[in-house]
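Enquirer: Residues per chain, in single letters:
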Amino acid sequence: MQSVKERMRGILAKLEAEYDFDQFTMESFRSWLEQQRGKEITFVPWTMPPGMSGAWLTSAQADFVFYEQDTAPIHQIHIQLHEIAHMLCEHPTVKVGTQEVSLLFRQMVDRCVKQETQSLLLRSAHSGEAEIEAETLASLIQETVLKHERLQELSQATPAPDLAADFGAYLEKMDGYAR
Amino acid sequence: MQTIIDYGATILSGILTILRLRTALKARRTQTDAGRFATTWLHLLCLTFFLFFQIDDVYITVGDLTGINNLSWLFSYLFLAPAIYFISRSFSLRSRWILPWLITGMVLLVIIFPFGPGRAPEILDHVTPQNEVEILYMAVMYTLASAMIITIPLSRSARALRIEEQHLRTRTVVTMLASVATITMYATKFAAFSLGYYFPSLPNSIVHALTSAARVSEIAVVVLWFPAFLSNRVYVAVARVLTAPLRLFRKIQAWFYLSALARRLQRLCPSLALLPTTTWEQLRNLDFYTYRKLIEAMDGQRILAGNVGEPSQAAEIPASSPFDWIDALIPNDTSRERRLSGQDLEEALHLHQKFESIPKSLTTFEDLVQAYCEVEKHMKRVQGTL
Chain A
1 MQSVKERMRG ILAKLEAEYD FDQFTMESFR SWLEQQRGKE ITFVPWTMPP GMSGAWLTSA
61 QADFVFYEQD TAPIHQIHIQ LHEIAHMLCE HPTVKVGTQE VSLLFRQMVD RCVKQETQSL
121 LLRSAHSGEA EIEAETLASL IQETVLKHER LQELSQATPA PDLAADFGAY LEKMDGYAR
Chain B
180 MQTIIDYGAT ILSGILTILR LRTALKARRT QTDAGRFATT WLHLLCLTFF LFFQIDDVYI
240 TVGDLTGINN LSWLFSYLFL APAIYFISRS FSLRSRWILP WLITGMVLLV IIFPFGPGRA
300 PEILDHVTPQ NEVEILYMAV MYTLASAMII TIPLSRSARA LRIEEQHLRT RTVVTMLASV
360 ATITMYATKF AAFSLGYYFP SLPNSIVHAL TSAARVSEIA VVVLWFPAFL SNRVYVAVAR
420 VLTAPLRLFR KIQAWFYLSA LARRLQRLCP SLALLPTTTW EQLRNLDFYT YRKLIEAMDG
480 QRILAGNVGE PSQAAEIPAS SPFDWIDALI PNDTSRERRL SGQDLEEALH LHQKFESIPK
540 SLTTFEDLVQ AYCEVEKHMK RVQGTL
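Protein sequence lines, in the order shown, are assigned to chains A and B. Just so we're aligned, residue 1 is where the first sequence starts under our numbering, counting upward by one. Just so we're aligned, residue 180 is where the second sequence starts under our numbering, counting upward by one.
Simulated from the structure, these hints should not be mistaken for laboratory data. Be aware that one or more of the hints could be misleading.
[To be verified] With a straight-line Cα cutoff of 27 Å, these simulated DSS-like cross-link-like pairs (lysine-lysine) come out:
1. K5/A with K147/A
2. K5/A with K556/B
3. K430/B with K147/A
4. K368/B with K205/B
5. K533/B with K556/B
6. K556/B with K539/B
[To be verified] Only part of the chain B face toward chain A is listed, based on derived beta-carbon distances under 10 Å:
7. E301
8. Q532
9. K533
10. S536
[Claimed, not checked] Chain A regions said to be covered by chain B (calculated; three or more residues, Cβ under 8 Å):
11. 9 to 15
12. 72 to 80
All residues carry an ideal CB built from backbone N, CA and C; glycine is no exception.
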């Protein structure tokens, strides 16, 4: 049976065959992944409860990656890559309608806090094995980026739309556009 | 032998002037550092003419053709002064002050010449001045040259200490040393000439010592100015080689502290996931694992904040929320942090406070690595007192 690292190396090998890491930026990687998945990926800066760093929710039109906004850009990018790794691993996640995303996410966060289930494993409500896979794949992607001497791209803040303030309005607009 | 050196130096300088003309013209077209290239080229041009008029055959020919003794000496100084002016302008940060000095100095040389070297017999080797005006003539030239060159170390010394890039700092230090060597050379030469004139009965040992000092400083000038003109790429390559052991030591040190911090965090927050790997593998891929350890420390910081920090400010959800099925998404039977108590709790609180003191303005990898290493160093220091 293959180890987690070997399985993730297999996914990375496919990635390297199709994506040019010499040109890596978070923006270009996201665009490339959007084309592969056929839907928009939206990074949403959010104030996560302590102990939680990020989460990935998906709808028919888009993927939503929530990430902690009150941390250094280098950590934000790591969280984004971790959630992207879940997508690349095709892990199951919560499927919702776009209008439900905001409320659902707030609900999740609230429950996490109330139940005091604060741990890294909960950062996107995945099982332990899925977390290990995502973390391993994210680290392999980061290692590849560093081999291509693109460390700068892992520590620069990515431009994010100011969604946190009025995320509901954004979703309504997007839902209307999708229709 | 001296004739060969004189011709060789003039030809070499002339070739460099022709070669650098292409670079200067190209820079002018592309507007990249056009001023600096033009200044360097003008320096080379003036230097070539200075060397040309120092050649014995040229010296004698100019004297014979014009009937004015030592006129070639004047010409050579009139080219040496702007050559030094242009080199000072290239390297000095306060070059606007030196143009008036140059003009004043050149005018003085022209005025003094007829009363000093112009009246002296034609001499090729200026070891001992013939009259006091000749001493004054040399004093003007050397003072002018020293005054222009001294602006380089004076204006650059403060900046040299602030420069982060090793190769630029080295280049600045070399330029400063070259400037100091040049001034020393003029000072020793002038001292030798003056003492030779005023004290002709000076013991040979003193004259010899002064002449030797002047020779050594002349060699130092040539040796130091040569690297001052080398390309930045040469400095980068040399600096990389020279600083490689130091950089490796610093990297290992950073990795060591960050690894210790990640282990400390995992002890306090067992759910923190550390990548399983060997020490050898980490040392082989130091850059990546230093990055990883920083990320693990940041992950641990957030978990720690959840355990010991302030309660969350997350928005309250209305009780009538329809998403009851959400509970199924949140595993509630795993990964609860073990309760901290006693010394561990005190350590966790102290570590949390230390993390909170890291300025939010730090964003670069290097700054963050340093800040998190400092946290671990601090924790090591206070360990016994907690």
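Enquirer: For each hint given before, does the structure comply? Return the numbers of the non-compliant ones in rising order.
Expert: 2, 4, 7, 8, 9, 10, 11
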